[in-house]
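S.K.: Go by the hints and put chain B onto chain A.
Here the protein sequences come in this chain order: A and B. Quick note, our numbering runs 53 ahead of the 1-based positions in the first sequence. Quick note, our numbering runs 8 ahead of the 1-based positions in the second sequence.
Take every hint as true, because none was put in to throw you off.
Just a few of them, taken from the derived set where beta-carbon distance is under 7 angstroms, the chain B residues facing chain A:
hint, residue
1, Gly51
2, Pro52
3, Leu54
4, Tyr104
5, Lys106
6, Phe109
7, Pro111
The set of hints was computed from the structure by calculation and includes no laboratory data. Don't be surprised by glycine CBs; every beta carbon is placed ideally from N, CA and C.
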Amino acid sequence: DAGVIQSPRHEVTEMGQEVTLRCKPISGHDYLFWYRQTMMRGLELLIYFNNNVPIDDSGMPEDRFSAKMPNASFSTLKIQPSEPRDSAVYFCASSLAGAGNTNEKLFFGSGTQLSVL
Amino acid sequence: QKEVEQDPGPLSVPEGAIVSLNCTYSNSAFQYFMWYRQYSRKGPELLMYTYSSGNKEDGRFTAQVDKSSKYISLFIRDSQPSDSATYLCAMSPSSYDKVIFGPGTSLSVIP
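Only chain A is shown next, with the shape it has when bound in the complex (with noise of 0.2 angstroms):
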């Protein structure tokens, strides 16, 4: 499998503009989490679906962002207007529960760096 795929890899862009980071999971994991980490506030936990339903969005920081799982293979993070206090690297992850699994371990792709200038 090739993991959780993050794209794009880098960022740059204009403060605001509107920015869309994509993530697709691991086939078959029925979590998806969306962090972000800065140096300030390390990682934090913006928003997180089970079977493709938003179940908790208390970290969304602002109505500015949204997330949105509009099938088991795909999700998008969108940021309308950015700011530069979005500047952060913002990870995707997934992971499996149930069947003795749980959805602590997590499978975290290689996260978007993200600059708004």
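M.R.: Quick look at chain B alone, frame taken from chain A:
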């Protein structure tokens, strides 16, 4: 107070040393405890996983959980330069709940 606290380091040790990494937490509901390792420019990867209190050993790595003190540790024996990474503790109240990460400790093992 943050939910999970971790000494950010950086921690620098000579090759072959024993390394002790620690986390404290405030939420007594946490039952599942993990250690993730993150190399530069990579996503975190699961290193150790334990449920409730006790010890777990895997090769050179030992994870300890003391729920009464709300304290978890990761010990690395015979540390190697390849162990140089950031180590993040993580925890969750249940097997179907969100995982909360500590800020991470940066470790450098010097040859």
